[in-house]
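Take a look at the letters that make up each chain.
There are 2 protein chains.
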Amino acid sequence: MNGTLLERARSGAGDEAIRAVARSEGVRPELLRKQVASGRAVIVQREGKRPVGIGEGLRTKINANIGTSTASIDPEEEVRKANIAEELGADTITDLSMGGPIDEIRAMILEATGIPLTTVPMYQAVVEAGSIKNVTVDRLIGTVRRHVREGISLVVVHAGFTLGMLRELASAGRVMGMVSRGGCFTAAWMLLHRKENPFISRFDDICEILADNDAVLSLGNPMRSGCIHDSMDRPQEGEIALNAALARRANDHGVQVIVEGAGGHVHPARIPEYIAHYKQKTDGRPLFVAGPLPTDISAGYDHIAACVGGALAAGAGADYLCYITPSEHLALPNAKQVREGVVACRIAAHIGDTMKYGLREGDRMMAVQRRARNWEEQFRLAIDGGRAREIHRQDNTPGCSMCGNYCALEIMERFVHEF
Amino acid sequence: MNGTLLERARSGAGDEAIRAVARSEGVRPELLRKQVASGRAVIVQREGKRPVGIGEGLRTKINANIGTSTASIDPEEEVRKANIAEELGADTITDLSMGGPIDEIRAMILEATGIPLTTVPMYQAVVEAGSIKNVTVDRLIGTVRRHVREGISLVVVHAGFTLGMLRELASAGRVMGMVSRGGCFTAAWMLLHRKENPFISRFDDICEILADNDAVLSLGNPMRSGCIHDSMDRPQEGEIALNAALARRANDHGVQVIVEGAGGHVHPARIPEYIAHYKQKTDGRPLFVAGPLPTDISAGYDHIAACVGGALAAGAGADYLCYITPSEHLALPNAKQVREGVVACRIAAHIGDTMKYGLREGDRMMAVQRRARNWEEQFRLAIDGGRAREIHRQDNTPGCSMCGNYCALEIMERFVHEF
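Residue numbers (this note's numbering), protein chains in the order written: chain V, 1 to 419; chain A, 1001 to 1419.
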């Protein structure tokens, strides 16, 4: 096949990846092809694995961030996290490793999983250069090339701001300023070198590399707010406009694009309008949202707060949610926290899909099995049936210890014919 | 002081409980008095303890259900649950014990706590009668009297349905039918005896008992839906109308009333309209909502799904949320699950209050401390700082293991003057 998936979709050619996604999503292949051609949906591919569709009309997808930091390095634990994330239903994984043998960890995760893997190449470039200042633009581009050649499906670049926008940020009156790590690395590099954003100046080169490997570009959300008191401001508006323009430019290179936005911490009442705003300004492109967290005081339980924000975001049209774990703002997540984060995010996506598309059959099937007290079927239908089974058996009682002999469902069953 | 708190509020008299609640809520005492007089807010009193205000214009409150079942009896564990619930910020506790020495457990919980305690007297009446059928109406009334005389602040009765409404329920086409335990006990009693709802026939007697002890009446939500495919139907509409009428009647006896409704499992997109509907039909009375769960497939993590539903409900005007624990639908919650349930519900109430009343100062303070990497202050401001501290230290590293040497906040700090 010639050209990238986007180019083929635009030319009207059939494509096996599009057909496979259409089948699993229950949508018409021709409709999905048009969505992909217009940039309103993307198909994330990984060689030899099931492609994943993200965008309008498709099930909301979720991503799990894993990876080492300089303070916590255990490659085997990262593989465990990747396995748990995939097992519990993450659609993609992002490896953010900055500690230990980064290439090896990435290879181990690729080897251990069957879902698309994302990276933020700036992270490894900073580690390998020894400092942000020492990163050369060629090293940055080289890291992007290396990652996609090794099989990375999605690459994040923080291209959405200029030196002028950093000056605007300084006077925006934010409580938290910039909190995006990739954004801070890029901003620090720009300020140290007094140069414009390297992802913009070398944007066409990056697109060529992605097109050669048919990888998807994810345009980062460096201006996202770091607390709910920081709201939509000039820097955020600037980022949206810039990312929207860059998305069109990437499409011209045959590269599919996801736009990250409306993530971080957002006033809960504003989440639906933010999502609508991003979608409208980016021509309906697939929107990837981190969180958003609708409160700042849930440390230790940010996965729960993010479930509220994520459900609201997905319900309003976000297509792709980045999970938040209980260790957000506190520590690198361990494998148990990855599991909790993935499950909370799947709940958010599911509730969001119910808001977006209407009631889902899985809920009705669960209710039918619940009424029948058919426990094994309930565990099969639950998002994390293993955990549900553990709790059900925690008291070592034969039935359900909640109501013991006074089960409302059993009582109802006895009398329902008399109702 | 003469009369009940409601009667004094109606007469325009000042009242220390109203003043105390007004102070802690930051509202004007005279405004609160009028709200109480009109039934739009209630003051829940417990002798010698801080009164709790629930209703329009007040902070959203949360309730934690505890209590034994016949399958899990450990009075000490119930006391631990009560202590944890109070410590983590529950505003009220409900003791639903049906196993073991119920009077003793209730006394132990009262002794161990300083917040209002609620009961559902039908539960104990069923246990002590030996069966639902053997419950006499006098026993039921006697149990209500005993509870409020012992210091119970809120009593739940499932008065909101008639035999005719049970027939409507049978033809309503629900997947789950009736799932309220108190509702099922009452319905079964009515069908076994071919008699109308005893809480309606003896409603005035119950009101007199509550008025004598100035306890608050909570009108249960027996017709709540047990899955999100069961939606607002004739039985639910009938319950709302009946509860609204009974609330007015209780007020005439000088009894303050909370209406339970819109709880259970509700299609997420419908939650705001349900809440508005209940509020409108019940003259703006304090609305107590269990959950609601916006999905059925989150078994093991229902506290997280309920946080989404609770936040949406509170944001739309619900005044009082009943927590859901991770063991919902599976087992009696243990102390750890009570903690998780309380925290998730507090997050829901807080997000709801942000939606209802605007941004809260606590979030801004947390952001300021987060930017300063002042960890102890963050733990102090977090809903469950103990848990946040544990996670922060899980890697035994000096700072935050999330980003190790590459902290975005530290990088920003170094360059912010150049932004």
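Everything labelled a hint here was simulated from the structure, so no lab data went into it. Some hints here could point you the wrong way.
[Stated by the list, open to error] Partial pick of chain V residues on the chain A-facing surface, computed with a CB cut under 10 Å:
| # | residue |
| --- | --- |
| 1 | MET98 |
| 2 | PRO101 |
| 3 | ASN134 |
[What the hints assert, rightly or not] The list that follows gives simulated cross-link-like pairs (lysine to aspartate or glutamate, EDC-like), each with its CA atoms no further than 16 Å apart:
| # | chain 1 | residue 1 | chain 2 | residue 2 |
| --- | --- | --- | --- | --- |
| 4 | V | LYS336 | V | ASP103 |
| 5 | A | LYS1336 | V | GLU390 |
| 6 | V | LYS336 | A | GLU1390 |
From the three backbone atoms N, C-alpha and C, an ideal C-beta is built for every residue, glycine too.
Hint check:
Annotation: interface hint on MET98(V) holds; nearest CB of chain A at approximately 6 Å, less than 10 Å. A least Cβ separation of about 15 Å between PRO101(V) and chain A goes past the 10 Å threshold, and the interface hint is therefore violated. At its closest, the beta carbon of ASN134(V) sits 14 Å from a beta carbon of chain A; the interface hint therefore is violated under the 10 Å criterion. Pair hint LYS336(V) plus ASP103(V) does not hold up; C-alpha atoms about 24 Å apart against a cutoff of 16 Å.
Proximity of LYS1336(A) to GLU390(V) is assessed by CA-CA distance (about 14 Å); at most 16 Å being required, the pair is judged to hold. Restraint check for LYS336(V) and GLU1390(A): the C-alpha separation of about 14 Å stays at or below 16 Å, so the hint holds.
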